[in-house]
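Q: Here is how the chains run, residue by residue.
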Amino acid sequence: MTAMPTQETTEMSNALRPIARNDMGLDPVVSQGPALLAGIAQGPGLVAHRGRLGPAPTPSADELVEMARAVDLRGRGGAGFPFAIKLAAAARRRAVVVVNASEGEPASRKDAALMTCSPHVVLDGAAAVAHALGTREVHVVVPSELPSMRRIVEKALSERAEAGERLKVKLHEAAPRFVAGQAQAVLQLLAGRENLPVTAWQPEAVSGHRGRPTLLSNAETFAHLGHLARMGPQGYGAHGTAAEPGTTLLTLRGDGWDPEVREVAYGTPLADVLTAAEMTQPLLLGGYHGTWLRPAQMQGLTVSRTAIAEAGATLGAGVMLPLAEGWCPLVRTAALVDYLAGQSAGRCGPCINGLPAMAEAVRALVHRGGSAARVEELCGLVVRRGACAHPDGTARLVASMLARFPEEVDSHALGDCRGGRDEVFA
Amino acid sequence: MSEHLLRVDWPACKGHGVCAEILPEVVSLDEWGFPIMHEPVKGDVLDMARRAVKACPTLALRLTEPPPRHAGP
Chain H
0 MTAMPTQETT EMSNALRPIA RNDMGLDPVV SQGPALLAGI AQGPGLVAHR
50 GRLGPAPTPS ADELVEMARA VDLRGRGGAG FPFAIKLAAA ARRRAVVVVN
100 ASEGEPASRK DAALMTCSPH VVLDGAAAVA HALGTREVHV VVPSELPSMR
150 RIVEKALSER AEAGERLKVK LHEAAPRFVA GQAQAVLQLL AGRENLPVTA
200 WQPEAVSGHR GRPTLLSNAE TFAHLGHLAR MGPQGYGAHG TAAEPGTTLL
250 TLRGDGWDPE VREVAYGTPL ADVLTAAEMT QPLLLGGYHG TWLRPAQMQG
300 LTVSRTAIAE AGATLGAGVM LPLAEGWCPL VRTAALVDYL AGQSAGRCGP
350 CINGLPAMAE AVRALVHRGG SAARVEELCG LVVRRGACAH PDGTARLVAS
400 MLARFPEEVD SHALGDCRGG RDEVFA
Chain C
0 MSEHLLRVDW PACKGHGVCA EILPEVVSLD EWGFPIMHEP VKGDVLDMAR
50 RAVKACPTLA LRLTEPPPRH AGP
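Chain order of the listed sequences is H and C.
Each residue of the first sequence is one higher than the last, beginning at 0 in numbering that gives the first Met the number 0.
Each residue of the second sequence is one higher than the last, beginning at 0 in numbering that gives the first Met the number 0.
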């Protein structure tokens with residue numbers, strides 16, 4: 000017999016459950032941007048793309064590594080790994096190129112926006128990398144819940160084949176779950192196995208797809224590389240700052256009712272990205288695996304990896320989730336941890352056991368009677384103890400809630416939620 | 000004498016706990032029975048670590064050199 004849900008859990012699941020992208024079908028508003036999203040008004044076709052930018056250049060691997068190093072190009076999947084190091088490691092015989100557009104983070108929409116509005120910007124980058132690595136084998140991974148993206152990429156690939164590009168591109172559809180876009184899970188998918196993370200004994204640049212050196216990167220990363228190959232480091236640096244040249248894609252309110260994808264130069268003030276009202280609310284930066292910022296920390300902050308790191312957060316894959324006015328960040332976090340626990344692939348012991356325990360401990364903390372010490376203990380028990388970073392990301396979110404809102408945690412312990420009152424976050 | 004790391008293949012590990020019995024110097028168990036590695040393996044524990052690797056019922060342990068730096072996330 001199934002237990003009846005309590006009043007509390009019913010409310011939780013109806014009102015506070017985070018809304019995953021495939022549940023709602025709201026397309027984000029995509030604004031024209033300075034570099035990657037500069038040509039979206041002309042549509043996704045190859046003729047307009049080449050008419051605007053001319054043919055794509057084909058630099059050597061050494062040249063490409065040098066350019067990526069010159070502008071300190073970082074991976075845009077969330078980890079921010081230096082691309083030049085990855086490319087240099089993969090630049091050996093029989094390498095494979097993998098474009099990951101599967102975007103497991105539910106509040107991130109930027110890769111979908113990029114792939115559907117400007118697929119050739121991404122594919123130019125993939126073609127440049129394939130040429131530099133001396134391979135023709137390219138895999139593109141799209142999310143199965145967005146069939147329109149697959150159609151647009153297929154059309155784009157046939158346009159390129161007709162124009163004479165000789166790449167062997169294979170499309171794959173990632174499963175609709177949080178961990179499906181993780182690198183090792185993608186390699187499993189490519190090998191025809193279940194799309195779930197496995198233990199990586201070596202980085203995929205050394206031993207990836209079928210044991211071959213594999214350059215697996217996020218779709219936006221390839222787009223930046225294509226742009227860099229075309230413009231050179233100096234042209235690429237026309238936007239951004241001297242320390243952080245170039246632009247980055249952001250998803251604003253990606254799981255809300257008015258999602259938006261925007262390309263901004265590094266160094267852009269956060270106040271130019273968020274509304275004045277949003278600047279007075281806590282911000283979840285970097286998505287469901289991200290970190291909270293208080294409004295006081297957001298004043299004067301710019302979209303910059305280093306500035307955000309100094310504030311104790313990470314930009315991740317560029318997801319920004321401002322807390323709606325009147326909401327409590329603890330209640331919101333508890334709902335997210337519930338969701339994340341349910342997104343475990345159910346394979347690694349510490350994740351299977353630790354995430355539901357963490358969800359329960361956070362819920363207890365938020366609804367009275369829980370202990371922050373227990374939550375901290377559980378965070379310590381899941382970090383670096385799984386095949387993928389899903390438990391680590393969940394622990395990061397929870398740890399940032401404890402670090403940013405200690406007064407709120409204390410008042411919840413006494414049964415009082417002060418969420419939404421301005422003085423709490425000042 | 001180089002240090003080795005005892006690494007767990009987490010999807011393979013089913014929490015039998017044999018490693019913690021053979022190698023309590025390095026391995027303890029969490030509240031659900033899954034191993035926690037406390038330190039790198041070196042010196043005279045190395046032989047016992049090799050035995051733990053062989054004894055794991057699900058072959059979920061590996062003794063590795065420290066991972067190469069700077070090859071990717």
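These are calculated hints, taken from the structure and not from any lab test.
Mixed in with the good hints there might be a few duds.
Ranges of calculated distance between the beta carbons of each label pair, as one might list FRET restraints [said to hold, decoys possible]: (1) C:Pro23 - H:Gly311: 46 to 56 angstroms; (2) H:Pro56 - C:Leu28: 52 to 62 angstroms; (3) C:Pro39 - H:Arg367: 34 to 44 angstroms; (4) H:Glu153 - C:Gly42: 29 to 39 angstroms; (5) C:Gly42 - H:Asp271: 19 to 29 angstroms; (6) H:Gln233 - C:Pro23: 51 to 61 angstroms; (7) H:Leu170 - C:Ala54: 36 to 46 angstroms; (8) H:Ala162 - C:His37: 51 to 61 angstroms.
Since the structure is predicted, the reported quantities are computational estimates derived from the model, not experimental observations.
Where is the CB? At the ideal position from N, CA and C, for every residue including glycine.
Q: The structure should be examined with respect to each hint, and the outcome stated for every one.
A: Hints, one by one, checked against the model:
1. C:Pro23 - H:Gly311: 46 to 56 angstroms: violated, 37 angstroms
2. H:Pro56 - C:Leu28: 52 to 62 angstroms: holds, 56 angstroms
3. C:Pro39 - H:Arg367: 34 to 44 angstroms: At roughly 43 angstroms between Cβ atoms, Arg367 (chain H) and Pro39 (chain C) fall inside 34 to 44 angstroms, so the hint holds.
4. H:Glu153 - C:Gly42: 29 to 39 angstroms: For Gly42 (chain C) against Glu153 (chain H), whose Cβ atoms are near 58 angstroms apart, the range 29 to 39 angstroms is violated.
5. C:Gly42 - H:Asp271: 19 to 29 angstroms: violated, 58 angstroms
6. H:Gln233 - C:Pro23: 51 to 61 angstroms: Roughly 59 angstroms apart at Cβ, these two residues keep to the hinted range, so it holds.
7. H:Leu170 - C:Ala54: 36 to 46 angstroms: Given range 36 to 46 angstroms: holds, Cβ gap about 44 angstroms.
8. H:Ala162 - C:His37: 51 to 61 angstroms: Check passed, 58 angstroms falls within 51 to 61 angstroms.
Hint compliance for this structure: hints 1, 4 and 5 are broken, all remaining hints hold.
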